Structure formats: structure tokens, C-alpha cells
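Q: So you can see what is in the structure, the chains are spelled out below.
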Amino acid sequence: MSTHAIYRTLTILYPKEFRDRYGDDLVQNHADLTADRGPAAAWARTGLDLIVTIPRYHLETIMSQRHTTTSLNATIALLAIAGIAGLFTVGYPSLALVGMASIIAVSQRSRIAHAIREPDTDRRHRRLITAAVLSFVSIAAVVVALADLGGDDHWDNGRLIAYNLVFIASAVGAIASLLTGLLTPKAQPRQPAN
Amino acid sequence: MNAPDLQSFLPLPQTQFHVLVALTEGERHGYAIMGAVEESSGGLVKMGPATLYGTLKRLVDAGLAEESDRRPDDDDDQRRRYYRLTGLGQQVCHAEADRLADLVAITRTNLRPGLA
Chain A
1 MSTHAIYRTL
11 TILYPKEFRD
21 RYGDDLVQNH
31 ADLTADRGPA
41 AAWARTGLDL
51 IVTIPRYHLE
61 TIMSQRHTTT
71 SLNATIALLA
81 IAGIAGLFTV
91 GYPSLALVGM
101 ASIIAVSQRS
111 RIAHAIREPD
121 TDRRHRRLIT
131 AAVLSFVSIA
141 AVVVALADLG
151 GDDHWDNGRL
161 IAYNLVFIAS
171 AVGAIASLLT
181 GLLTPKAQPR
191 QPAN
Chain B
1001 MNAPDLQSFL
1011 PLPQTQFHVL
1021 VALTEGERHG
1031 YAIMGAVEES
1041 SGGLVKMGPA
1051 TLYGTLKRLV
1061 DAGLAEESDR
1071 RPDDDDDQRR
1081 RYYRLTGLGQ
1091 QVCHAEADRL
1101 ADLVAITRTN
1111 LRPGLA
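In order, the protein sequence lines correspond to chains A and B. If you read the first sequence in our numbering, its first letter stands for residue 1, the second for the next number, and so on. If you read the second sequence in our numbering, its first letter stands for residue 1001, the second for the next number, and so on.
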């Protein structure tokens, strides 16, 4: 494997957005450095550069607006799922988690709404397909649970909780995906230039 | 549309200012910018490829630099992307240079020989 091929492979470690935009330029730059100063000097500079910038750019990507919204949505969904699932184990106190999810969702509603209402036909399709898949999973969880536990006189608590967790997680996910999918506007087709 | 407040860009991070200064001489591609930064800093600032393109990304996203469609040298590799300062980039570069000049003036005044 050539030195450029190794460097090109290592650029896979950068966030996709940065790699798509500058991947070829990075490799070209490494090739220029190698041609001008030799492989050792080129790797001395680019190696340190890789170590410093890969975690930094990932952190920046995570902290960006879009990813913050994704993390926010994931937090709300996890709290809601944990709260509802907790009803079967710790009882009503777990509803406090659902309350927390609701408070976060209400306080951050403008950010969530902005992310949902951005016109994007592909994202709308992905969300609706996700809703369909999760609906199927939740129904399948009920069917499998009934087939597995229906004949028993005493249901096994561990399996019951597991089936409930799968059902609740997929049902909450399906409802959230369906709502966000339906609320995501389709992108307007581009008008041909005259 | 309101003009952006130049002060909101200051102080510029060192790498961004070095890249802007490198672009004051005209359009340059990435590797040429890297060489210019190294030369103008007397070899003290050695940027790696990802640091350079990360800096260029920030400058382009902030509207201080932009990609150029023109290729200054017809013999050069047409795949290379060239960058140039925008009008805003020139103003910010001036403002940062003035800020640093003021700082240098204060330092020189305070540390005049005989006052220490």
C-alpha cells in the first residue's frame, strides 16, 4: 500500500461532512508535502495533525446545531421510554421521567420544530419508513410475547419485561417517527433554468 | 441586510489570521497557503493538511474567504481549489492587523529601554 493510499484510508476517520468536502484536498496536500520534503517529514506533520484534528472535528460536529437537535430528540425519547417501561418495575414514580421528557420537549420546542419543518423529501421518506418498520416491530413483539407466554400459567417476569421494553420502545419510536415524518414538508422541486 | 459587525470576528484565532494574511497576496491553493503561512511566520507556524482545511472551512463558512473558479496558472493542476479573500475578509484582516498594531504599540511604550 502506498503512502498516499495509507493517508487516504486514515482520512476515513474524519467526520463525513469534512471528508466529503475536503478529502481529496487533504490527500493532494499530503502528496505535495511528500514530493517536496520526503515521506518522513510529510508523515511527521500529517501524523500529528491527524491525532489532533480527528477528535477535535468530531467534537465540533457533535456540538453543531443539527447534531445537538438529534441528541436532544434522543434524550427525550430515551427518558419517555424509560419512564413508561419503569411503570412495570418501579411503578408510578417512573412517570417523573416522562414528565422530565415533556418539560425538555416543551422548553426546546422551537429548536425541535425547526428541525422537523425543514423541507426535505428524503428525510420525510426515511422517517415514514422508520415509523412503518417500528410499528411492525411493536406488533411483532406483542404477537411473539403472546405465543411465547400465552400458554404459561405464570409468566416469567424477565421475559415479560423484555417484551414490554421492545414493545414500548418501538411504539414510542413509531409514533415519534410518524409525527415528525408527517410534519416534515416535502422539498419543492427545482424550477428549470430559462 | 445589515453589514456584519467586524468586532464580532475579533480577536481572530492565530491560524485564521495567518491564512487570511496569506490570501492578501492573491488567490492561492491549499498547499501554497500552507507554504506562505510557514514563510510569513518564520517557520514557527507549521500547519498540517487537516488544520489548514479546517481553518479554510471556518473562514469560508464565516464569509471571510471563498473558493475561486478562476485558475491563475493554466499549467497548474485543474483539480486544485483556489481560495481568495472576500470583501468582508479584507475588512476583518485590516481590523485584526490594527488591533495587533495597537497591542504592539502599547507593548513598545511600556517596555521602552530605560523604563524597566
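Bear in mind the hints are in silico, worked out from the structure with no lab data behind them. These figures come from a predicted structure and were not determined experimentally. Be a bit skeptical, because a hint or two may be false.
These stretches of chain B come out as covered by chain A in the derived footprint (C-beta under 8 Å, 3 or more residues) [as the list claims (entries may be wrong)]:
1) 1004-1011
2) 1023-1035
3) 1062-1070
Incomplete in silico selection of chain A near chain B, CB under 8 Å [said to hold, decoys possible]:
4) Lys-16
5) Asp-20
6) Asp-25
7) Thr-34
8) Trp-43
9) Thr-46
10) Asp-49
11) Phe-167
Beta carbons: idealized from backbone N, C-alpha and C, even for Gly.
Q: All hints are to be evaluated individually against the structure, with a verdict given for each.
A: Now the hints, each set against the structure:
Chain A is given as covering the region 1004-1011 of chain B, and this is violated because 0 residues of the stretch bring a CB closer than 8 Å to a CB of that chain, at least three being needed. Counting residues of the region 1023-1035 of chain B whose CB lies closer than 8 Å to any CB of chain A gives 3, which reaches the minimum of 3, so the coverage claim holds. Only when three residues or more bring their CB closer than 8 Å to a CB of chain A does the claim for the region 1062-1070 of chain B stand; here the count is 0, and the claim is violated. About 14 Å separates the beta-carbon of Lys-16 of chain A from the nearest beta-carbon of chain B, more than 8 Å, and the hint is not met.
For Asp-20 of chain A, the shortest C-beta to C-beta distance to chain B is roughly 12 Å, which exceeds 8 Å, and the interface hint is violated. With its C-beta approaching chain B no nearer than about 5 Å, Asp-25 of chain A sits inside the 8 Å limit, and its interface hint holds. About 11 Å separates the beta-carbon of Thr-34 of chain A from the nearest beta-carbon of chain B, more than 8 Å, and the hint is not met. Here the hint on Trp-43 of chain A is broken, as its CB sits about 11 Å from the closest CB of chain B, past 8 Å.
With 8 Å as the threshold, the beta carbon of Thr-46 of chain A comes within range of chain B, its nearest partner Cβ sitting at about 5 Å, so the hint holds. With its C-beta approaching chain B no nearer than about 2 Å, Asp-49 of chain A sits inside the 8 Å limit, and its interface hint holds. Of the supplied interface hints, the one on Phe-167 of chain A is violated, with its beta-carbon coming no nearer than about 44 Å to a beta-carbon of chain B, more than 8 Å.
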